[in-house]
Amino acid sequence: MIRAVMVINTQGKPRLAKFYDFMPVEKQQELIRSVFVVLCSRAENLSNFVEADSIFGPDTRLVYKHYATLYFVFVFDDSENELAMLDLIQVFVETLDKCFRNVCELDIVFNFSKMHMVLNEIIFGGQVLETSSTEVMKAVEEITKLEKASNAISLVPRSVSSWQS
Amino acid sequence: MALSGMRGLSVFISDVRNCQNKEQERLRVDKELGNIRTRFKNEKGLSPYEKKKYVWKMLYIYMLGYDVDFGHMEAVSLISAPKYPEKQVGYIATSCLLNENHDFLRLVINSVRNDIIGRNETFQCLAMTMLCYCSYKDIKLVVDIHTSFMAPNLGMNFSYLSNLLQMFQTMGLEVGWEYWRREFAESLAPDVQKLLISSSCRPLVRKKAALCLLRLFRKNPDVVNVEGWSDRMTQLLDERDLGVLTSVTSLLVALVSNNYDAYWSCVPKCVKILERLARNNDVPPEYTYYGIPSPWLQVKTMRALQYFPTIEDPNTRKSLFEVLQRVLMGTDVVKNVNKNNASHAVLFEALALVMHLDAEKEMMSQCVALLGKFIAVREPNIRYLGLENMTRMLMVTDVQDIIKRHQAQIITSLKDPDISIRRRALDLLYGMCDVTNAKDIVEELLQYLSTADFAMREELALKAAILAEKFAPDLSWYIDVILQLIDKAGDFVSDDIWYRVVQFVTNNEDLQPYAAAKAREYLDKPAIHETMVKVSAYLLGEYSHLLARRPGCSPKEIFSIIHEKLPTVSTPTVAILLSTYAKILMHNHPPDPELQGQIWAVFNKYESCIDVEIQQRAVEYFALCQKGAALVDILAEMPKFPERQSALIKKAEDTEVDTAEQSAIKSRAQQQQPSNALVVTDQPPANGSVPIGPLSLVKIPSISSNADANLADQELTHANGTLSKVNSQSARPTSDLGDFLFIEGPPDAPAQENLVSGLESVSNAIDALALTPIDEQSNSVQPIGNIAERFHALCLKDSGVLYEDPYVQIGIKAEWRSHHGRLVLFLGNKITSPLVSVQAVILPPSHLKIELSLVPETIPPRAQVQCPLEVVNLRPSRDVAVLDFSYNCGTTMVNVKLRLPAVLNKFLQHIPLSAEEFFPQWRSLSGPPLKLQEVVRGVKPLSLPEMANLFNSFQLTVSPGLDPNPNNLVASTTFYSESTRAMLCLVRMETDPSDRTQLRMTVASGDPTLTFELKEFIKEQLVSIPLVSAPTPLPSQVQPTSPPVALTDPGAMLAGLL
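From first to last, the protein sequence lines stand for chains R and G.
Going by our numbering, the first sequence opens with residue 3, and the numbers climb by one from there.
Going by our numbering, the second sequence opens with residue 4, and the numbers climb by one from there.
Rather than coming from a laboratory, the hints here were simulated on the basis of the structure.
Warning: the hint list may mix true and false statements.
[Stated by the list, open to error] If you anchor each label on the Cβ, the simulated ranges turn out as follows: (1) R:D23 - G:E1023: 35 to 45 Å; (2) G:R825 - R:D79: 15 to 25 Å; (3) G:S856 - R:D23: 18 to 28 Å; (4) G:M332 - R:D79: 28 to 38 Å.
Remember, it's a predicted structure, so these values are computed and weren't measured experimentally.
All residues carry an ideal CB built from backbone N, CA and C; glycine is no exception.
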């Protein structure tokens, strides 16, 4: 099972953090920091694996990929194949690339909701849902279409928006 | 993009990005926060667009890691905005900002609910996304969703269904097990199953259904306990759509990992899938990843097969091995990194499967050969996995000899630039080490030690030490290795390691001159580690006389070279050096007056040392030196140690030492200390049978170095003790013995005190009590202190004593987090004989789920055992759990029933509310059963501040000024239980200044039981305030009334409780 997905930039700022086990927010921040400390000390051209036992507990593994200014990090248990997880990071990034056309950190800063949407179509509650970026794009486009359609008309009953008064 | 329209936000972001340093950034952020704060204060003038813009800014600031502690209400309010973009940011902000504060969400519950049960799929998506992140804990909401899910008119709305599925399974993380069991497992699972099997469903829904079922299964394995389910699984594996098939295979992995027996019929199907992918390449282009046919599905399928113990059917086995062979042979390292990753993902999974299936020797050696190739390739990921899989292979099969051929390459990997790879190499070397290659490997490790990075040194030193001990071809080599280890990485060599050296040398006469000579060599080095000083001083003290003829090894020279180090070492080492000097002096025959003078001068100097241990030694040794011949007997060489398991290896075996055991050992050591002196006078033991000091010393692996040093000192004191036994056996005149005791006796006491002070408080009174003869007992054991008072004190604080009598003390320490609690019971035996038939049983009320770990039947003398206790609060209730504790001491059987302080207020948490948060909530909860009112009479008179204090101590947050009437008091709190999740509770007290003994109390919450229980709870507290509500400065005239239940009589108390 995949336990967490993080996107951290090279200055240690989190750009996305999704934990598939319940985790209080301070703990999330702490984990992100610990992961970053390990990652930023690693040179280029090393393996994509990092011992994560001390951060996430026994039998957890961590793979990461470094793209330009961003680290993409997946944390998972020993029921997953490390290299397959690395491939999944690649699928995730390739899908983002299709969404934003040459994705860069700024796209992600401004559109993290979209990033969440993409991720939700790839990983579902810690399990791999879809591995074909073509299929993921189809699903994302479907939702986007719905969004745009609903942008025009308001379907919310009046009583809902007046809850505060 | 959605944001491009917000110029203010873009400007702010680029401003922040242009900041030169953190300080500038902080200034810019603070300025913006100030701006937003002001704008939000005049909320009326804000348009939804502006609100949206500011909330985005807040979110950006929050992402940068700054605390955003305001504006949450504004963010939340956007959820009810009618337009999509505002709503979206409302949801996103809520999910980001409000993670820790679920109760805010209660304020928008209706909006969220409307979004979910409405017909707008986009809004549903948003609402559900938020629920995924916030893990909102309202069961009612879940029920609503469930109901709409079951509604037939929604049956055809597939994307809605798939969204629901996603939410269900995400919420499944949060919704309690019991609930899943009852509500979902029984009613929902069949529907999910239908979705999965249905051929009319879109693949999008079906793959989510498969994973949803997986999640349901994890919560409750019964969901697939349906007749014919395994047949359905088998059919599902025929699926053509690879997306669905991947999810189904994930589900299969979960199912077979639990119980493979029902799914044998899936094995041939899995092999078929592998054939389809790896052999026939029958895959649509979108599932071909860098030329590899769906690597994930291949990996998952092979993973599933690894859960079956073996594959019997010859045909299936044959087909499978054909595919595996193809994978093993057909994979090459290429230039494209992604392609490499994908193809090797499959390859390594195939290797794992081959290992698992215990293939023919030929195929195995083929695998090892492959791995041998991998650990030398350029691609670091493959090197890493190559090493890891080799380590795995060591464990599974007998291919060590083939692996040993790659030893040189593995040793090279120890110098890999990547620490992850170096670690794997170290693991592998450690695993493959045996008698034949120990020398090479350990020497490599030692060499590597001087260049290894800091993060690895400790592990490296430990592993080298263990290997050296396990596989030493001869003992002198072992001594060489450990001394080198201390020399190169002294900081990482624990005391256990040098103790072990001393044990070996003491027990092997042949080794003694060699070890002494080696130690002497190291002392010549200009700067040596303190541990080296310790071990060489010890060895030379014992055995330097064996070197006397060698150059530079006269007693005088030995003394002066050791003495050179004295100014640089710490106190515990000084103590060891003093012993060494005494021993050197003793071995010096005939005495060299100059040396004698030098050493006596040292003793004289330290007689007034501030450290009591050193002072004691200096005084003792000086006095002993005056005795002349007697010194020889007293300071004779240490006797052999009894054979024992290496502490180091033991440490490697069980890295985690039970703390209870530790404290037991400590207290035993403490207890044995005085008993040694007694031993000398009346019952001389068999020689060497009582070396408790060193034994306990070696057995305590993970004590802080300080404690170790302490014990090391003790060992030396013991050494004297042991020797004095030899003394007594050789029938010395009693006057001598008396003298000895005079010297030995008193200094023991401070040493013991030293130890005691380090232990958990054992008061003097207890010590006195412990002296009571054991068999002279009154029939009833009277508790010390008032049990009820202790209980009430513990209701307000989280650690303290729950119960105490002359024999036993029960301490308690608790941590509470939402509806979970973790308590540790400390059962301490106060006396010098063991407590037997110890039993602790928890009688939990129905609303608490309590799990007590195993309680040992016997508590050793003066020992303390810890029993952790897990508590889960299921429902609001005031009932109290009871601990039924009994033990036997001698002939007395003691049984007490104690209330455990897992009371209602432990599941409350402070939550401050402002007026605009409080009142809508207060109004929305109208009338019974959610809001209850009662006039309470006979209240202990309390002023309002006192009442506020009392409330605070029960985790109710008093909000002063909220109620316009100054005689009223308004408070809020959050209650946590599994059924209610986090539930906001509101309390209002209306007091009568003219009559403080009566008041009107109103309690409101979203759960009728909770409202009632909380009301009754507060009433109990007000009617009888326990004496020890410490944080409350009670007026002196307030007398404690009898608590609601009769506490002193356990029977009556139980009756009252259950």
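Hint by hint, here is what the structure shows:
1. R:D23 - G:E1023: 35 to 45 Å: holds, 38 Å
2. G:R825 - R:D79: 15 to 25 Å: holds, 23 Å
3. G:S856 - R:D23: 18 to 28 Å: holds, 23 Å
4. G:M332 - R:D79: 28 to 38 Å: Holds, since M332 of chain G and D79 of chain R (Cβ atoms, about 31 Å apart) stay within the stated range.
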